[in-house]
Amino acid sequence: MNKTIRASVLIFRKDIKSELRTRYVINSLLMFVLVTISIIRFALGDEKTENEILTGLLWISIFFTTSNGLSRTFVKEEEKETSVALKLSSDSIPVFTGKLFFNLVLTFALNFLILILFILITDYTIKNLTGFLITIVLGNFGLVSASTIIAAIISKANSKGTLYPVLSFPVLLPLLITVINATKLASLGIDTEKLSGELMILVSYTIVITVASFMLFRFVWED
Amino acid sequence: MNKFFVILTFILITFVIITGIVLPIPEIPALGDKARVLYFHVPMSWISVLAFFMSMWYSIRYLKTREIDYDIKSFSSAQLGFLFCILATATGSLWAKFNWGSFWNWDPRQTSIFILLMIYGAYFALRSAIDSPEQRAKLSSVYSIIAAVTVPFFVFIMPRLVESLHPDPIINNQGKIHMNSTMLTVFLTSLVGFTMLYLWMLNLKIRIEKIELYKLKNTED
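Going down the list, the protein sequences come from chains A and B.
Residues in the first sequence are numbered consecutively from 1, following the numbering used here.
Residues in the second sequence are numbered consecutively from 224, following the numbering used here.
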């Protein structure tokens, strides 16, 4: 067990290090966030927009930015032909754990940026900040859990870029519907307690998908 | 599969089609004669979900044993499920036109069947994007299991989150089925009949796929 944790940490650190050195995804993602948010700005103009619509726009930008970034984690290994070396040096469980945590860090960093830019550029008012943040955090956990295993699946297929949204959308939809609804309610000022139904769904979704991913990743990774 | 099974399926479905149209049904508020669609629509939806879980079951078997037969079964079941899913969407949509006034209005039930269609579509897209048969079998098995664990969220949670206009709260009020005995008989016969039809079609489909695999192997040699 201890060995697995140590190997996971090592793979996580390896990913962070290689990302900082090569800037494989981070630069293009930062630009992607800026582009998306500016498009939203120019589309809205100076109009006063309702929170319902703004929440939708916020989640559209989160979904597309993260799906661009998260789908790269395993594709990167295949494209740079490092996956064989990784397979030789480690079991499947630590690889998956390391990648999962790398994706989590990436997603939280991106979301932080998106949120700040979004609030600065549009006049998005959040009435229940605690509920809002809890929802965003739990939503991100769900997003990452499902995206990581699907990223692993598409890394072995042809036409990886197009396949990712096709495969992830139906799997992510229960999460997206719930999280958009909860974010909207929180931003309109509903008490956090009243959101507990939605939050429970987010938590159970994350747990179910993560457990399934850990059980199934071995089959995707090993030849 | 034995002849008796096929003949019985034929008789049951003929019985359902005739009695479902001819026999009177009890007065159900706001539905009336349009409720007859449930003899066909409900079995279709039931089979599209059943086929989906059968496909997942064969996927699990495949990952355990690595026998290509299970992949063929999983794929065949998914294809039939897709067919029945389209039929369920079509019958439901037709009914919605006459009861709700529009073919499609994103009722939670319609959203869930739409997502089931999307999952089937994604499964086939994934299969066609992988060249090696073994990789294809392995990855599509994993995807079908991942998708299957999210289905309960749609089928059981989503329709209850938002107000739905789907009539099962009227007919199936608090778990008690409000149908008289004639209606119930036709309905249950229909469920059994269509499930048997599905099993028969699955059997045929698996045999066809196996023959094609055999042919492919022979031409390669």
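Just so you know, these hints were derived from the structure itself, not from any lab.
Hints may contain errors.
With a Cα cut of at most 20 Å, we get these calculated DMTMM-like pairs of lysine to aspartate or glutamate [to be verified]:
id, chain 1, residue 1, chain 2, residue 2
1, A, K160, B, E357
2, B, K440, B, D330
3, B, K287, A, D91
How the hints compare with the structure:
| no. | hint | verdict |
| --- | --- | --- |
| 1 | A/K160 <-> B/E357 | holds (18 Å) |
| 2 | B/K440 <-> B/D330 | violated (47 Å) |
| 3 | B/K287 <-> A/D91 | holds (19 Å) |
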